[in-house]
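Chain D is fixed; fit chain W onto it per the hints.
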Amino acid sequence: MTEQINSISVEQCCSYYSIEVAFIRSLNEHGLIELTQQEEHYFIGFEQLADLEKYMHMHYDLEINMEGLETIAHLLNKVQALQTEVRTLRNALGT
Amino acid sequence: MDYIDYYKTLGVAKDASADDIKKAYRKLARKHHPDLNPDDKEAVKLFQQINEAHEVLSDPEKRKKYDQYGADWKQADQFEQARRQQSAGGQGQPFGGGEYHSYGSGEDGDFSDFFSSLFGNNGSRSGRSGTRFKGQDYRAAVQLKLSDAYQTHQQTFTVNGKNIRITVPAGIEDGQEIKIAGYGAPGANGGPNGDLYITFTIQNDTSFIRKGNDLYTHQPLNLYKAVLGGDVTIETMAGKVKLTVVPETQNETTVRLKGKGFPVYKKDGSFGDLYVTYQVQLPTHLSEREKELFKELAKETENRS
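Residue numbers (our numbering), protein chains in the order written: chain D, 1 to 95; chain W, 1001 to 1305.
Derived list of chain D stretches under chain W, where covered just means 3 residues or more per stretch with a C-beta under 8 Å from a C-beta of chain W:
1. 46-58
2. 62-73
3. 80-90
Note that these hints are calculated values from the structure, not bench results.
Here the structure is a predicted model, which means the values were calculated and not measured.
Even for Gly, the Cβ is constructed at its ideal location relative to N, Cα and C.
Bound conformation, chain D alone (with noise of 0.2 Å):
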């Protein structure tokens, strides 16, 4: 296995975190998380591992499944577009 700078393998990934790979692969496929693939490997970049937690939190501790964690990701895409959106506004009222 190629070990890339800044990533590492869904496997080792898992054992560390203690999940399934299964669960990655399903963020991965609802558009959650960005994985790399190279060959045979699986690989998740640092900057995401951030992500990965949150999500994590939410499904094992919060027990949200894949379809709560993809509307809640959106929502919160939103909910921080409006926060900056007030922000820019604040600012142009000078408040």
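Here is chain W on its own, set in the frame of chain D:
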């Protein structure tokens, strides 16, 4: 320090089953989890309370101790002492030594004084996840003045006792987050360190309004210059600039000064525009002679129409 009613926090009865407690916790956690409530400090606080209540009530030993000593938490020290004497004979520690259970976003590990007095600082136990990999991310907030954000500058921060010197690129936005990789908590089992996220709050100390990379300002213009044209000198972020006012400039006319706005983030030499809106000011305290001239002007205008 007050007694905390963990049953009330989770909204369950004192005789609630382990399953009821789990259900109540999950229901509340889904509502108040910080990952689901970005930028909401109240949610972080509430989640800590819910988490702490769950930490105690979901662990049969902790729950027993809480039920027994909770209301008289001051006696817990004596309990601890007795327990330590018992475990000195080679028995394991009932509460300590557990692994940290993280909920991400840096809100974990914050337990109340009440919790610490009852269970000690190592009271938190292991959660579902096994060995940690990446260290926890740290978050810090920094305030900047708009005039400082105009120029790339060095800034030194102290985060967890460590001095970090970073370059703040010109053009940084209010609310923008900068990630400094590897400056978070150390990773476990050879994993990478967490990252440090710095959020910048920018306070406007100038007379300009900033919208993205563009700046907006108002410029008073006397009636005569507005009518006849002339030059005005205006302040920009980069210093004074002379503008030529065209004759018959109307009130609220806006002119654009290309490249005189705010620097574009991480694009050296690239700037937004400055929009100057003229506010034509009518003369006051007119002399008799001036009034005469205005009357003459008015008459002239009437004759023309």
